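Residue numbers (my numbering), protein chains in the order written: chain A, 1 to 517; chain B, 1 to 68.
Incorrect hints may have been included.
[To be verified] So the derived label-pair ranges between C-beta atoms look like this:
id	chain 1	residue 1	chain 2	residue 2	range
1	B	G27	A	L436	23 to 31 Å
2	B	E37	A	F479	52 to 60 Å
3	A	L436	B	T65	17 to 25 Å
4	A	G61	B	V28	28 to 36 Å
5	A	S493	B	V28	15 to 23 Å
[What the hints assert, rightly or not] Per the computed footprint, the stretches of chain B lying under chain A, defined by three or more beta-carbons under 8 Å from a beta-carbon of chain A, are:
id	region
6	10-21
7	24-37
8	51-65
[Stated by the list, open to error] Here's a subset of chain A near chain B, in silico, CB distances under 8 Å, partners left out:
id	residue
9	T28
10	N162
11	S164
12	L167
13	A184
14	I189
15	N193
16	S319
17	F320
Keep in mind the hints are simulated off the structure, nothing from the lab.
These numbers come from a predicted model, not from an experiment.
Glycine is no exception: its CB is placed at the ideal position from the N, C-alpha and C atoms.
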Amino acid sequence: MPNPYQSESHDSPENLSSEPNQDKRPSTLSLMKTSEDWWAIWCAGFLLMVCFVAVWWTASGRPGGETETAITSPLKPYLGKPAVWSESPLEAFYQPARVLEEEESASEVSPEPNSTEGSAPVESDAAEPELIPAKTPFIGVIGAFVLLGGLFTVAMKLRGENASGFLKAFPVLFLLGVLSYVLAGQSVIKSYNLEYALWALLVGLIVSNVFSVPDWLRPVVQTEFFIKTGLVLLGAEVLLSRLLALGIPGIGVAWVVTPIVLVSTYVFGQRVLKLPSRSLNMVISADMSVCGVSAAIATAAACKAKKEELSLAIGLSLSFTVVMMVLLPMVITILGLPTAVGGAWLGGTIDATGAVAVAGATLGKEALEVAATVKMIQNVLIGVTAFCVAVYWTSVVEAGKGKQSVGLGEVWYRFPKFVLGFVAASLVFSFLHGVLADGDVMVEAMYKGSTKTLRGWLFCLAFVSIGLDTRFRELLPYFRGGKPMLLYVCGQSLNLLLTFLMAYLMFGVLFPSGATP
Amino acid sequence: MKFTMKSPVKYTGRLLTLAVVVVLVWGVLLPSLSRSETIRNRNRWLDANGVDPAAMFYTDLPCLTADD
Numbered sequence: 001m002p003n004p005y006q007s008e009s010h011d012s013p014e015n016l017s018s019e020p021n022q023d024k025r026p027s028t029l030s031l032m033k034t035s036e037d038w039w040a041i042w043c044a045g046f047l048l049m050v051c052f053v054a055v056w057w058t059a060s061g062r063p064g065g066e067t068e069t070a071i072t073s074p075l076k077p078y079l080g081k082p083a084v085w086s087e088s089p090l091e092a093f094y095q096p097a098r099v100l101e102e103e104e105s106a107s108e109v110s111p112e113p114n115s116t117e118g119s120a121p122v123e124s125d126a127a128e129p130e131l132i133p134a135k136t137p138f139i140g141v142i143g144a145f146v147l148l149g150g151l152f153t154v155a156m157k158l159r160g161e162n163a164s165g166f167l168k169a170f171p172v173l174f175l176l177g178v179l180s181y182v183l184a185g186q187s188v189i190k191s192y193n194l195e196y197a198l199w200a201l202l203v204g205l206i207v208s209n210v211f212s213v214p215d216w217l218r219p220v221v222q223t224e225f226f227i228k229t230g231l232v233l234l235g236a237e238v239l240l241s242r243l244l245a246l247g248i249p250g251i252g253v254a255w256v257v258t259p260i261v262l263v264s265t266y267v268f269g270q271r272v273l274k275l276p277s278r279s280l281n282m283v284i285s286a287d288m289s290v291c292g293v294s295a296a297i298a299t300a301a302a303c304k305a306k307k308e309e310l311s312l313a314i315g316l317s318l319s320f321t322v323v324m325m326v327l328l329p330m331v332i333t334i335l336g337l338p339t340a341v342g343g344a345w346l347g348g349t350i351d352a353t354g355a356v357a358v359a360g361a362t363l364g365k366e367a368l369e370v371a372a373t374v375k376m377i378q379n380v381l382i383g384v385t386a387f388c389v390a391v392y393w394t395s396v397v398e399a400g401k402g403k404q405s406v407g408l409g410e411v412w413y414r415f416p417k418f419v420l421g422f423v424a425a426s427l428v429f430s431f432l433h434g435v436l437a438d439g440d441v442m443v444e445a446m447y448k449g450s451t452k453t454l455r456g457w458l459f460c461l462a463f464v465s466i467g468l469d470t471r472f473r474e475l476l477p478y479f480r481g482g483k484p485m486l487l488y489v490c491g492q493s494l495n496l497l498l499t500f501l502m503a504y505l506m507f508g509v510l511f512p513s514g515a516t517p
Numbered sequence: 001m002k003f004t005m006k007s008p009v010k011y012t013g014r015l016l017t018l019a020v021v022v023v024l025v026w027g028v029l030l031p032s033l034s035r036s037e038t039i040r041n042r043n044r045w046l047d048a049n050g051v052d053p054a055a056m057f058y059t060d061l062p063c064l065t066a067d068d
C-alpha cells in the first residue's frame, strides 16, 4: 500500500495547483493567458459582471415608487439546480401547480421539531385556498448546463487545452452532477445535513472504482479549474459588512477564537502528532475551526493540497457535524445555558452552516439567530483565512523546503493567483453592497438569482471530478494510524472549550442583553 | 491519474446492483419516510424557521436572507 505522505503535496502533479516547476518559467503575462488560476479569475469575473449587470439593468428600469425588495435577477428562471423532492425524483425537475395544503400554511415557528404546537394548524381568516404555481427547475438546469459548458469550452480553447474533448465529455460530467443533486435533494437526506458535496464525491468514486473511467472523459476532469472558479464566485458573497453583525460579542467568538483554534490545531498536528502532510493538517484545521466544507475547499486550493486530502477532510467534517448537530443542543439543554450563549457555542463549533442552523433552531429563535450569525461571520473569515494560508504557504512552507531565501518574485510566482480574484470579488461586491444606492438589494439579488447557483454547480462538478480521479486504495492509507481523526478530535475539543468560555464571557457575562442581532 | 476502458459487459452486474440499490433507497425507502408524520413535521419546522440543513454558506440560509 503506497504511503500518501512520502512526498510533499505541492510536488505532486495531482494536487490543487498546476503551476509548472521548471527553471525557465513563463512570464506573468504568459500565465495570464494559459494558467487555470488566472482563467478561473477571468471566467468568474465574466460571470459576475454579466450577473450583476443583469440585476443593475433590471433595477434601473424599475418605476420609482417600487420598494427595494422588488429586485430579482432576470437570470433566475434560467439558472437553477434540481429542486428538493419528497415522493418522486421527477419533482426535482418539474412540479405541477397545486393548492397549498392547510397544514403547510401553518408556518408558526415552534421551538421543537416534534412539538405539538408546530403541527397544529393556524387559524386563518383567508377562506380561499392558495394556489402554488407550477415549478420548472429543469429550465434552470438546462440553462446552467449551456452557460457553464459554453464558457468552459471557450476557456479551454483559449488556454490551448483540449476544448473539443472537453465539450464532448461535459454532458456526462454534468449528468453525474445532476444525479448528485437529485440524490442530495431528497427531503429526508437534505434534512439531515448530507450536503451535495458528499454525494458528488460518492458518485464520482463509484463510477471510477466500480466501472472505471474511459479515456474520452479525461479532458473534462478539471477539478482545480472548477473549484477555483467557484471560489472566486464565492468571493462575491463574502461581504465584509457581515463581520460586525454581532458587534463585540461576535468579534470575541468568531474573530478571536477561530484563528486561535486554527493555528493551535495546525501546530499541534505538526509538533505533537507529527502529521507528515502539512497540507492535510492545514485543511483539517481550517475546516474544523472555520466553517466546514467551504473552508476546506478554499484552504485546500490555497495550500495546494492533494484531492485525497480534501476528500478526507470533508468526510471527517461531515461525519462529526452530523453527530454534533444532534448532541450539542442536548448538552446545552442539560447544562441549562442561556440560549444566546448556547447559540454562540453552536455557531462557533459545528462545522457546517446548515447544521448550525438546525441545531440553533432546536433551541429556539434567539439561539438560531445568534448561532447563524456567528457562523456567518466565520463564513466571511474564509477570505482572510485563504489569503493568509496562501501567503504562509508560498513564503514559509515552500520556501523552507528549498532551504534557501525566497524573494518577493518567487513568492509572487508561487502564490495561487485565484486567491487574488477571491479577495478582489469580496472587496468589489462589499463596496457595491455598502456604497451603491440599492447596492445591498442588487448584490443580494445577484447571488440569490444567479452566482450562488453557478457556484454550487462548479463545486458539484469539482467533487464529481475528484471522485472520478480518485481510487479507494489511494484514500485508505490516509487513515493509517488514525492521525487525521485524532487531529480533528483534539482540535474540535479545544474549539469546544475555548468557544464555550468566550461565548459565556461575551453573551453570558459582559453582554447578556442585546446579544440578539 | 490513470484512466482505463474496460469491457462494459464485465460491469453489467455491478451496474444493475447499484441501480437496484438506488431505486430501492431513493425510490421506495426515502419517499415512504418522507410521508411519515415525523419527517413532515420536521420539514415544516425547518421551513418555518428558514433553515436549509444542507446550507454550505450563509447565503444558502433563508433565515439570514429575509426575502428568500
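Here's how the hints hold up against the structure:
1. B:G27 / A:L436: 23 to 31 Å: violated, 48 Å
2. B:E37 / A:F479: 52 to 60 Å: violated, 40 Å
3. A:L436 / B:T65: 17 to 25 Å: holds, 18 Å
4. A:G61 / B:V28: 28 to 36 Å: For V28 of chain B against G61 of chain A, whose Cβ atoms are near 49 Å apart, the range 28 to 36 Å is violated.
5. A:S493 / B:V28: 15 to 23 Å: violated, 41 Å
6. 10-21: It holds, with 4 qualifying residues against the three required.
7. 24-37: Per the Cβ count (8), the hint holds.
8. 51-65: holds (count 14)
9. T28: Where the cut-off is 8 Å and the nearest Cβ of chain B is about 28 Å from T28 of chain A, the hint is violated.
10. N162: With a closest approach of 13 Å, the N162 of chain A hint is violated.
11. S164: This interface hint is violated because 17 Å lies over the 8 Å limit.
12. L167: With a minimum Cβ separation of about 18 Å from chain B (threshold 8 Å), the hint on L167 of chain A is violated.
13. A184: Check passed: Cβ of A184 of chain A comes within 7 Å of chain B, closer than 8 Å.
14. I189: holds, 7 Å
15. N193: Hint holds; N193 of chain A Cβ to chain B Cβ min 5 Å, cut 8 Å.
16. S319: Not OK, violated: S319 of chain A not within 8 Å of chain B, min 15 Å.
17. F320: violated, 16 Å
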